[in-house]
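Make the full structure from the sequences, and use the hints.
Residue numbers for the sequence shown follow the numbering used here, beginning at 314 and rising by one.
To be clear, the hints were calculated from the coordinates, so they are not data collected in a lab.
A couple of the hints might just be wrong.
Stated by the list, open to error - Pairwise CB distance ranges (calculated):
1. G423 / N538: 37 to 43 Å
2. K544 / G482: 25 to 31 Å
3. G480 / E426: 33 to 39 Å
In this text, all values refer to a predicted model and were calculated from it rather than measured experimentally.
Quick reminder that beta carbons are idealized off the backbone N, C-alpha and C, glycines included.
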Amino acid sequence: MKILASIIKHFRYILVFFVLTVACQKEIVYEENPALIKKNELVYTELKALDPVVTVDKMARLKAVASGDSLVFQWFSEEGIITATDTLAFFSSDIDGVFSVSCQISDKYGNSEIKEVEVRVTSELVFTALESEEETIPVGFRTTVTATASGEEIEYQWSADGGTLEGEGSEVVFFAGNPGEYKLTCTVTDLAGESQFFEIIITVVEGFVFKALVASPDRVNAHENSYLTAKVLGEGLSFQWRCDPPAFLAGSGSSIIFNICHGDRFTVSCEVTDKEGNSETKSVLIIVDDI
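As structure tokens, this is what we get:
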């Protein structure tokens, strides 16, 4: 019996040693095998001039969009001045001209790619854009309108063929008490007396404006939340939410939370009604995957 007990004891030691050895070998193989390490390839999507035209007293913003592992951004230009913080750079020049700005992106594997974009610098007046925060609004709703211009000592003159304009400078607020299409005009003038103008149309409607129903994200795993928002312009509104097939909906008003414990395809609807009884419904599809 003593001999048998000794054999069993030694067998246990050998078995434990074997298990530990195999486990260590697996760990070493995992760490040293590059096929088991996830590698994100360098993808250089675009190099964009956010301000393609600026005056000599302004800085042009440039943005590089890329994905990958441990990216390094290098910005170049033969003329002018560049200051950069990785994906975002600022370019300026004290002389007129069209300048080429390049950005080279490299990853930790030695891969690299370069793109370039042009920026125009001018001493003349530049009226870039006239934009409204909302293009279609309900009666009485206020929207902000912004003029983007560069130049020396710019003056802004605003006008509209109806409705009300409030404010001054590069930004004003517009609203109207009656439905219709309203033309807004902004004229900019620099110190030298040069003028440029832009026009936009803002549509005013009765009731409310149901812009969109958004689920973020619109694909989740079971037990994960999706956050839904009804983007609506208007006042005195009520919201009724439904889900087909049924799921857990938490919250009220224009934003709720969706959750469910199993996978399926769910259609979530939101009906918006104003105090006059006018209503509109939008739906969004949420895909739920089983874990």
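Right, here's what the structure says about each hint:
no. : hint                    : result
1   : G423 / N538: 37 to 43 Å : holds (41 Å)
2   : K544 / G482: 25 to 31 Å : holds (28 Å)
3   : G480 / E426: 33 to 39 Å : violated (45 Å)
In summary, the one numbered hint that this structure violates is 3.
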